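Number of protein chains: 2
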Amino acid sequence: MKNCLCLVITVCLTSGVSPLARQTFGSTPGVRLHNLMPVPESIEFKQGRLPFRSSFTTAITGPVDKRLEAAIDRAMRRLEGKTGLTLARGFVESSADATLQIECSGPGMAVQSPEEDESYSLDVDSACARLIAATTVGVIRGLETFLQLLEGGRDGEYFFPSVTVRDKPRFVWRGLLIDCCRHFQPIEVIKRNLDGMAAVKLNVLHWHLSEDQGFRVESKRFPKLQQMGSDGLFYSQQQIRDVINYARDRGIRVVPEFDMPGHITSWLVGHPELGSQPGPYHIERRWGVFNASLDPTRDHVYKVLDKFWGEIAALFPDPYMHIGGDENNGEDWTSNEKIKEFMEKKGIRGTQALQTYFNQRLLAILKKHGKKMVGWDEILQPDLPRDIVVQSWRGQKSLAEAAKKGYQGILSNGYYLDHMLSAATHYAVDPIAENSGLEPSQAGLVLGGEACMWGEYIGPETIDSRVWPRTAAIAERFWSPRSVKDAKDMYRRLERVSVELEEFGLRHNSDPDVLLRRLAGSTDTAAIKTLADVVEPVKHYVRGQAFPATQFTPLTRLVDAARPDSREARRFGRLVEEFLADAPRFSARRDELVEMLGRWRDIEPEFQIAVDQSPILDEVAPLALSLSKAADAGLEAVTFLRKQASAGVDWRDSKLKILSDASAPKGEVELAVISPLKALVVAASQ
Amino acid sequence: MKNCLCLVITVCLTSGVSPLARQTFGSTPGVRLHNLMPVPESIEFKQGRLPFRSSFTTAITGPVDKRLEAAIDRAMRRLEGKTGLTLARGFVESSADATLQIECSGPGMAVQSPEEDESYSLDVDSACARLIAATTVGVIRGLETFLQLLEGGRDGEYFFPSVTVRDKPRFVWRGLLIDCCRHFQPIEVIKRNLDGMAAVKLNVLHWHLSEDQGFRVESKRFPKLQQMGSDGLFYSQQQIRDVINYARDRGIRVVPEFDMPGHITSWLVGHPELGSQPGPYHIERRWGVFNASLDPTRDHVYKVLDKFWGEIAALFPDPYMHIGGDENNGEDWTSNEKIKEFMEKKGIRGTQALQTYFNQRLLAILKKHGKKMVGWDEILQPDLPRDIVVQSWRGQKSLAEAAKKGYQGILSNGYYLDHMLSAATHYAVDPIAENSGLEPSQAGLVLGGEACMWGEYIGPETIDSRVWPRTAAIAERFWSPRSVKDAKDMYRRLERVSVELEEFGLRHNSDPDVLLRRLAGSTDTAAIKTLADVVEPVKHYVRGQAFPATQFTPLTRLVDAARPDSREARRFGRLVEEFLADAPRFSARRDELVEMLGRWRDIEPEFQIAVDQSPILDEVAPLALSLSKAADAGLEAVTFLRKQASAGVDWRDSKLKILSDASAPKGEVELAVISPLKALVVAASQ
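Protein chains in written order, with the working numbering: chain A, 1 to 686; chain U, 1 to 686.
Calculated from the structure, these hints are not laboratory results.
Accuracy of the hints is not assured; some may be wrong.
A pair counts as met if it fits within one copy or between any two copies, since identical chains are not told apart.
[As the list claims (entries may be wrong)] Lysine-lysine pairs mimicking BS3-like chemistry, simulated, CA-CA at most 27 Å apart:
hint, residue 1, residue 2
1, Lys303, Lys404
2, Lys66, Lys224
3, Lys66, Lys220
4, Lys224, Lys529
5, Lys629, Lys168
6, Lys371, Lys404
7, Lys338, Lys220
8, Lys346, Lys657
9, Lys629, Lys643
10, Lys220, Lys488
11, Lys340, Lys397
12, Lys224, Lys367
All of these numbers come straight from a predicted model, not from anything done at the bench.
Model the full assembly from the supplied sequences, consistent with the hints where possible.
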């Protein structure tokens, strides 16, 4: 697998390679490491570099539109921010005089769709950089690559390495779903995440806008929807238009989702007459699947939906509308006599068939308003036509089956950010499995994928650290060739991208510290940070099981400050691996390991002092103690290994017991360093 | 001075004092330290505590308005965030059942003014808390005090100590000026700063909205103002109204400033016909005082101003409008023959008199629109009536003179946040000097003061760390009794308030780290942070002198990440003081000192590695070297002191030379630890 990666990022280094290239990057001769994420389709480094100085200028060849100018302007401002240099504003007339020459054939589609041409080519030599694309979106993609190429040289000068890049996306639908229903997210959160998406070449914001727990859009036709279904937390139509323009400026489509017929409680608070039960309904505060469902048997419901989708279709220019369609349990249908009569009369067998009936009528409504329908797995029923798009939360197999039947699809299973899994886990999931058995034409029906940020446990202070930087790895999966899959190299580049994403005001690296200070009630967070850095929130759907939560539960505990995919734990894992692989007695890693373990062992009593001042930390106090004991076991193991003495079975078993006890979650976080510690203990007793 | 403070915050501790009170707070028996900022007029701690549990409820007695309910709701959400506990939403009917009983006589003024009653009383005992105020604004002030009283107990429970607080502000005008012209600040920046202001009981946002460098408000009557004078960076009228409502919800008035007749360039880009020279004019990008000025001789100008101020007066409900009036140099008047003729004809002698003529006509316009006029020092000329308010950037003396002449005034001199001085420096400035010589009735004309955040060197990423936490100390100066002035205790409380302010999304503690990561291009910022923590931006108007800057200069250098009033330097200063006061040989502070100095000495070569990757750091590389050498001198001094040996004069002089060299600014930052180091060196050579 590593070879595949090298094939892509390897430089065609000839004998004329500059010493600098070797000097600046990596240690493997012949391979030039770079910081690009996603990795482009092809990249070839050459000798030389283009200096970045305040005399840097840009020229545009071809038709100029405002979106193009604005994108270049944003890129220049970011280059200024990175380097501290001030550039002249505006553009130079003659391409020959410009440091960056941009050739764009045209603005691209009036309304961006999956058919938009996003390809570009970028050539940098020591005289200038040339970025060529058929559309403004292509230029936008190329500019991100260009910015990621910037490096600082030891001579005190920034530069772009000489390079040839040819690039286009592997998948045309590369999305991020943000659920703003279970918890509302202010507009500035959406905007900074759109910037982050553009930075890693994602092109679809799937905006989940209605749920049992909230209806988040201003409807002028049915104002009771937001007035009674949102607690006042909704987006005005002007804000929506603002977000759509903001997204379009960054080459991102906005696909709204209004989930139906289930996940509908918030609608029914103001419009109980649309429901399958008489109501009254209240905004749902708990999490889970609920019974509330639109009544699919009444013409009035379709009349309302026609007007509603008409309003939404006019508000959102995207050709696709997402109708949800998931997790409708049918309970409210089968307990309604009139609905049962309707089914008998029409010969509709079972609630699944009734939902297909509903979907067919809904599809007609969407078509009337000129839109294509997207829905979750469940919409895939025999009687639906081939021009719908299926989004799979069930998996690659389900998606492949849909493709075999001729349906277009996008994969979300494997990309659920709320599962709190590692970037590497998501990175390993390909929208088309190696063994999918799909014909090329069928494989072409798999449009791409979407990372999903479901909203049960995210607020404005925590969403960024759940979305980023992991989503950058998923974005690479969607954009780069299948062969790009070296997780270690992905993590190396992710580290740098993570810092670059902060340029947009994204707070994934800073808000966890804010929360730690709040937990401590102080700027002195050393002990709490030591623990927070080696724990992760519990995975999958474990959160909320021991501590039932609602929409009102504050998101300010250690579990909210803790990040998925602990960097510190990964670093520890690498150290242990290298230490054990090396002759442990002479390992260069030993000092680092001992320093880390010593810091963990000594977490008490400072942690206890913090707990004394902050009862909110009580729940994780046992974990600090566990970490201390576990680290102690690790230190003993290192000593045995250093002395090349076997610790013996009794010692091993007692330590493994300690580690096993330490692996139990507390306060919905768990230590992420147990498995390398076990490896140390086992090695020491062999 | 310390005694004065104790008088205020001392508890009337009788023999019945609870052991807990002594245990939880401080070490001086008889004094109960607290975290309140600003310190209330009077506070008396009693035995007992009110537990804060999820059963906590609130009741309102008296007329209920939405603003009151919203303020209480926000306070409850913050309590949830601090403690992790989930409270029931809404209010309980019967006051007797409520943990927090709020008695509010009425909503207060329809449009808040300096006459608003902001007083409140707060009584907490072990059964409940009672907050009584005449107005909603009084309740808002009291809630902030209540929240600051929250503490965590060792028994794992949060609580409010039993206490009696009687409180009202010393000054009625307690403002923060934010200049959004030299650099634009998005709405969310304004909002989070309004939250911060409310947290420390400030009550005026002085919004500086037009300048040579930008016109920041949508005018519907004169749209060319924003269309041509703002680069598209302005607030829509809807956003302005939104901010005003947001501020009113927090008991904050919004006073707009449109500076005239000078500081007017951005107006004249679209309306050159209003200027004293034919133009054309361009948005000014540099800093300083410019010649552009309205033509005060033409009736057309006053017709436009009448319409303009009419529009503004309708948009901003506040009774006061700020007309600037400062730094009009008269150059464009004296070089205009028509203006000179006008002056001769009217018998107006000198440009100052001409400005008085302008101000009188402007005053008539404001009066016509029902507004009172505020202006900077320069508006104070013999012929102006007594009902204007003078804002003094010149000083207490100038303010006192105005008061003696019967003018109301507010002080800003001494509170310029862009001067990058310490919180203690601002804290020591009283709006009424001890020796002002003002009669009580004259002193009453001093309405208060305003901290000023001028905008030459602040962007959305840096404004918070310039405003906060220092402004909290200034807020205390404006609210608390004159006798509250112990800087050491102020800093103790400021530390905690600084963390609390982050609840509003303020980024004063987190954005500096974001900038350091960007500077490093990495999350590994240890070496850069070591330097950043002990430097401060150059003071007063030194910035920009060696490195001329414009509106376009990026604000991403180390000087932008560095914070005024370095905490680390203050900590070092205290350590040195305690070390030298103590018998140095046995000082408990020695280890801490040696650890700190060792870390500074060892900053190289790691810092150099960072510089190699980030040329933007080149400019401060010499400072890292200076710090290393200076720390080495400090370590030697500590050794001499430990050994009780005198280092001798030659040693001293060579070290003082090193320190003196190290004190030179580089890259517009300077080491903030030189003077304690000098003290160490001098002590070691005695």
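Cross-check of the supplied hints:
no.	hint	verdict
1	Lys303 x Lys404	neither (35 Å within a copy, 74 Å between copies)
2	Lys66 x Lys224	between (38 Å within a copy, 20 Å between copies)
3	Lys66 x Lys220	between (31 Å within a copy, 24 Å between copies)
4	Lys224 x Lys529	neither (46 Å within a copy, 52 Å between copies)
5	Lys629 x Lys168	neither (51 Å within a copy, 53 Å between copies)
6	Lys371 x Lys404	within (24 Å within a copy, 73 Å between copies)
7	Lys338 x Lys220	neither (31 Å within a copy, 57 Å between copies)
8	Lys346 x Lys657	neither (63 Å within a copy, 97 Å between copies)
9	Lys629 x Lys643	within (21 Å within a copy, 40 Å between copies)
10	Lys220 x Lys488	neither (51 Å within a copy, 57 Å between copies)
11	Lys340 x Lys397	neither (34 Å within a copy, 86 Å between copies)
12	Lys224 x Lys367	within (26 Å within a copy, 44 Å between copies)
In this structure, the hints that do not hold are numbers 1, 4, 5, 7, 8, 10, 11, in rising order.
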